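Protein sequence lines correspond, in order, to chains X, S, W and H. The opening residue of the first sequence carries number 1 in my numbering; numbering runs sequentially from there. The opening residue of the second sequence carries number 1 in my numbering; numbering runs sequentially from there. The opening residue of the third sequence carries number 1 in my numbering; numbering runs sequentially from there. The opening residue of the fourth sequence carries number 1 in my numbering; numbering runs sequentially from there.
FYI, nobody ran anything at the bench for these hints, they're computed from the structure. These numbers come from a predicted model, not from an experiment.
To give an idea of the chain H side of the interface with chain X (calculated C-beta under 7 Å), a few residues:
1) ASN112
2) SER131
3) MET132
4) TYR192
5) LYS194
6) THR233
7) PHE343
8) TRP419
9) PRO421
10) VAL478
Here a beta-carbon is modelled for each residue, glycine too, at the ideal position from N, C-alpha and C.
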Amino acid sequence: MGADSTSAERRRTLVTGVIGSDTHIVGNRILGMALEKAGYTVVALGALTPADEFIKAAVETAADAIMVSSLYGQGELDCRDFRNLCIEAGLEDILLYVGGNLVVGKQPWAEVEQRYRDMGFDRAFPPGTRTDAVIAALEDDFRAPAAGGQKAGR
Amino acid sequence: MGADSTSAERRRTLVTGVIGSDTHIVGNRILGMALEKAGYTVVALGALTPADEFIKAAVETAADAIMVSSLYGQGELDCRDFRNLCIEAGLEDILLYVGGNLVVGKQPWAEVEQRYRDMGFDRAFPPGTRTDAVIAALEDDFRAPAAGGQKAGR
Amino acid sequence: MGAVRRPDPGEPPLSAARIPEDVFAAMRRDNLARWPTGAEVDLDAAVDFHKSLPEHKRLPSVMRRAVAEGRCLTQPRGGFGTLELQMELMRTLDTDGFADIVPTTTDSYTRNEHFSRAEKGIEESKRLGRSMLNGFPMVNYGVAAARTLIEAIDKPGIVLSGTAMPKLTSEIGFAAGYSGYLGSGIAYTVSYTKDISIEDGIRNYQYLDRLAALYRERGVELHRRQPGFLTGTNIPPSIAIITGVLDALLAAGQGVRDYGLELGQTLHLVQDAAAIQVCGELCQEYLRQHGFDDVFTPVTSLHWMGAWPQDAAQSAALIVYGGTLAAVGGAVSVTTKSTHEAFGIPTPEANAEGLRMTRMAIYLARNIRLDTMPEFQREKDLIRKEVRAVVDKVLDMGDGDAALGTVRACEAGVLDIPWSPNRCLKSRVLPARDADGYLRILDAGDMPFPKDVLGFHEDRLRERAGREGVPYDHDLAVSSVYEISESLDKLIPGMSAAG
Amino acid sequence: MGAVRRPDPGEPPLSAARIPEDVFAAMRRDNLARWPTGAEVDLDAAVDFHKSLPEHKRLPSVMRRAVAEGRCLTQPRGGFGTLELQMELMRTLDTDGFADIVPTTTDSYTRNEHFSRAEKGIEESKRLGRSMLNGFPMVNYGVAAARTLIEAIDKPGIVLSGTAMPKLTSEIGFAAGYSGYLGSGIAYTVSYTKDISIEDGIRNYQYLDRLAALYRERGVELHRRQPGFLTGTNIPPSIAIITGVLDALLAAGQGVRDYGLELGQTLHLVQDAAAIQVCGELCQEYLRQHGFDDVFTPVTSLHWMGAWPQDAAQSAALIVYGGTLAAVGGAVSVTTKSTHEAFGIPTPEANAEGLRMTRMAIYLARNIRLDTMPEFQREKDLIRKEVRAVVDKVLDMGDGDAALGTVRACEAGVLDIPWSPNRCLKSRVLPARDADGYLRILDAGDMPFPKDVLGFHEDRLRERAGREGVPYDHDLAVSSVYEISESLDKLIPGMSAAG
Ligand code: B12
Ligand code: B12
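Chain X with its partners taken away, still in its complex shape (with noise of 0.2 Å):
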């Protein structure tokens, strides 16, 4: 965002979807339902969706961020490349979060959450999420940009 942060007032745009073979559908269509409620546009990829596929819908659709939910476990796999393939696509500025159950097992948050601060997703959110959190999360980001500061210094 930084330089082309737009009026508070155009509606903002998302993809959702949850990444890789993971069916896990009931509380990515639980968070789009929040989300519209909250005044954005949300496109809805739904279960099942490739990495490259959230790019290609973010790019067409103009999106100002991408929500990547993933349950299942291997999002570790499934996530490695996909700030990449956004800078690929020309989305290097596009606000990443992704959410869920987020590796295999129950492990530390903060371990985990690094881990996918390091893939370049601009938050994580631990398993159990409510959507307000969600919500409250990207009124900031879009506010100020508080990712900013750690996105300039990537």
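Chains S, W and H with the ligands: place on chain X using the hints.
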């Protein structure tokens, strides 16, 4: 035992009871029933028995062993001077067993056992001990005084 | 201050009648003089403090609200040897355990009024940095210290002190702001003492009940509670309820109007639900019969009181199922245990965890009731018959006086409890579990249960013996003591082993 | 080998009829050629191996014995990315968990036939020393490796592979000596895929069922099982049973005679017991109606399949209560979860602990049955009416053919499931929990449930909305998705908060 160890034929006498302000009688009673069935003469002092009553009874009945039950956690306070009291009463070599829930709280058994051995008990038994195990240990100790080595060392 | 209290020579003869005001005043003076902290007790100040407490910190209000809202409250047990440990414990139970009622369990020296030994226990606990006592020595610490505990929590506090000698502990506890006190003359004397006579135990609790009534006269309702779990060892519902009815009559006689009844779980869904319903019903029946028609008698269900398994997973099952049983049975509260039960006093964390397991179980079983089941009605009828036969006989033996009747009935074995340490009791009655998991009476001793009822018990137990291929004898009772603590491969053998 | 299988142009039209022997032989050849390990499958050798297994390592025998002895067996889920981890897991579940049935869950790449991605997952798992896959890549490892797993345990093995594409996994699994396989054409296609058509899913499972029948022809009975839990998200019993009946007809059509039915728990004691009974009953009714009068249809109850709470204590309550529900409901087995459920795949130890909690719960609830309760009968009637209305309509739409009827019914919304990811489905039907904890249908979509039945559901849900003071709308369904995962202070507010 050692010196005055008697023939295996004689009926051995065991003093049992629950020490201190402890009212847990069930296990002690079931243990007593099992010991009698196994051929021992049991002098049962019951619940809430002060240390000196065990020793008085052992002297009076020329007992071969004292079996102290402590379930309620305060055994560590009640049993401290038990061996000394025995020695004072001329029962240097009497076999001393203790069993039950011997300390307050869930503590590593090896540490608890050591504490009671340090107090002068020949054997200490962990929570939930079944009567078979007690009878087997008595048999061992009365046959070849197994604890003897350690007792001699004291 | 020995284990056996010798009655004053000038003492009035035993009866269920209310202790007259002046006599009681003299008794209190003597009692409070027995240990230095007794001097801290100031009834006026105590009454003021109780009145200053919000409704949600007064146990009688909280119990009544639970009834009104159809809730099942949770309460743990818990006591440590120093004030610091005790405060941390009570805060943890309140905050992390969501306990609805926060306890202070006293240590066993205090229970036996060995206050100087308790003093040494405090010192040792401080020296070693761990609790050497199995509870909080409330009398040694005194009123002001105990009040800091009440102030540290946002729930009502209850004193748990399994003892036949509650006279000082109750004075200190009530003065500190505890609004509940567990214990009763019959139940605790028969199950927690060896040499104390039933008469002495009853007298001691008449003091406590009279004290609660004194607060009541001053406008402060306190919650008294009867520990029907007795020796906690396979107590059939009827035996618990028999003591409950008699203790309730004694308490009401002293002026108590808020009297809870506790029942240890049998671990049978139907039997426990039946017990909980019949307990409330019969206590009311006998209280009314004796002219007490305004006593509030909520029933509390207790997590399994017998021997626990060592495996934390199996223990978790007992805890959760215990929540289910309490909720389905319609208990007003449940007293919880932890996965440490087989080993020792739980840490605050394990204790809080037991509370949460139970609370979730209560949530899950909301709105389930068994009232329409025929076996539920059958068990209720059975319990009613058993209780009435014995209670009527006891009252008869006392010419209508519950106190006298109880003492005589214990002597005669008419009133008896299983596995008792007390020498004033025959303790010949012996329970065992039947093939369907109900607790039955294997040997009634001299208890006057109806013949047909005993026949039913025998049938059920013979069925178990038959199915297991073991003789019909007292070993059925002994194996029932161990049963629930056995490991899983013994309880449910695997297919390869069994095949 | 993409996500969407394109049917052969020469393929026979869809029907519930049995695949002819020669056609099936050709299908097998093609199938086994799709991945190198397919060549390891040798039917004769496999049949010999199965016959060499003792009874207690064959799932059909074990399930039948459980029925005969009135047992409720325990079975966990479990899969890790490498053979070493998987073996350790299965041994732990067998020995420390006392599992009666030991599972091998495949990873999600395998489920979607992305075998080369699975290969990378194995490498990564080895490199990092932890499982990067959410299950065992059985096809990549092949028959010989998988057989070492069966040899490492003393229980029957079952393959758990939530997929619409089971053709290779089942060949490998059965050849390795697994005697059970979970999955079905309707249930898994509607709940585990996005783009695969119902027709393709049915065809794929007809292959698997025909394969099981082939073993049967050779004298080896295998246990097939239908996963009625669907999306695991508040599935009302009738919807699970509808798919169960239809999938059972399809399996029987291919020659399967040992067909288990799974039901996710609603967490309501009465509703779950009713569901378990009616499920077996209606499957038998429709099977017989279609001329299959020798199909064994044991019912398995599944621990809560929706979102779990993060607190291990609350999770323990779900686990234990789940054991209670299965036992009281008379399920032949229960599939367990662990206290790690909300976070991720459990460690072997946590998984074994969940098994033991459940097993103890089963012991405690032995012999409890609800048959005499009127609300139990009411719920059974309700489920029967719902199932019959939809199944009859589906069969009607297929002119009596379950396969055709299903495809058409899904398209029309007559057959529908809540929260489905599959685009061939309307997924308009929406469940919610009522004030008494029963799962009800908030919005039936186009499913042809009887009017009076839907009226009853609406009444119960309006009652909840009223009690909670919220509108009667779809938010009732959303809050019901979260409900069980909420923290305790939200589920049961404390007295001070509520007051
Ligand atoms: C039943 C019971 C009671 C009954 C006792 C009835 C009675 N009169 O006997 C009641 C309800 C009255 C009771 C009261 C209390 N109890 Co209690 N009770 C139990 C319980 C649940 C079972 C004990 C039992 O009967 N087991 C069955 C018998 C067959 O087994 P056993 O007693 O272990 O005995 C066997 C072996 O240990 C061994 N054994 C026993 N003695 C000896 C001696 C020798 C020499 C040998 C070799 C072997 C041996 O052989 C026996 C037969 O197999 C245990 C916890 C548990 N184990 O599950 C707590 C427990 C013992 N109680 C405990 C406590 C603290 C109390 C109280 C202080 C109340 C409280 N704070 O909660 C009061 C004590 C009052 C007092 N003054 O003593 C604690 C002790 C804590 C600790 N050590 O850290 C325990 C461990 C519970 C806990 N985890 O908090 N209790
Ligand atoms: C329901 C469920 C299923 C259903 C899914 C139905 C469906 N189509 O959606 C079924 C039964 C089909 C299923 C299948 C499987 N599941 Co599943 N499932 C669950 C379960 C129990 C609940 C998930 C759920 O719906 N939660 C409710 C919703 C509302 O919450 P949510 O999904 O967490 O989403 C919220 C937040 O996470 C957040 N969020 C979600 N996405 C995003 C994205 C962004 C950008 C942000 C900011 C936030 C955010 O907002 C959402 C709304 O609040 C969880 C465990 C749990 N949580 O209790 C396991 C779980 C996710 N499943 C798991 C697994 C492994 C599987 C299987 C592989 C089978 C197996 N081995 O057991 C298959 C997967 C098949 C496949 N190919 O994907 C594992 C994952 C393991 C891991 N990560 O280590 C879990 C954690 C269970 C476990 N402990 O083993 N499952």
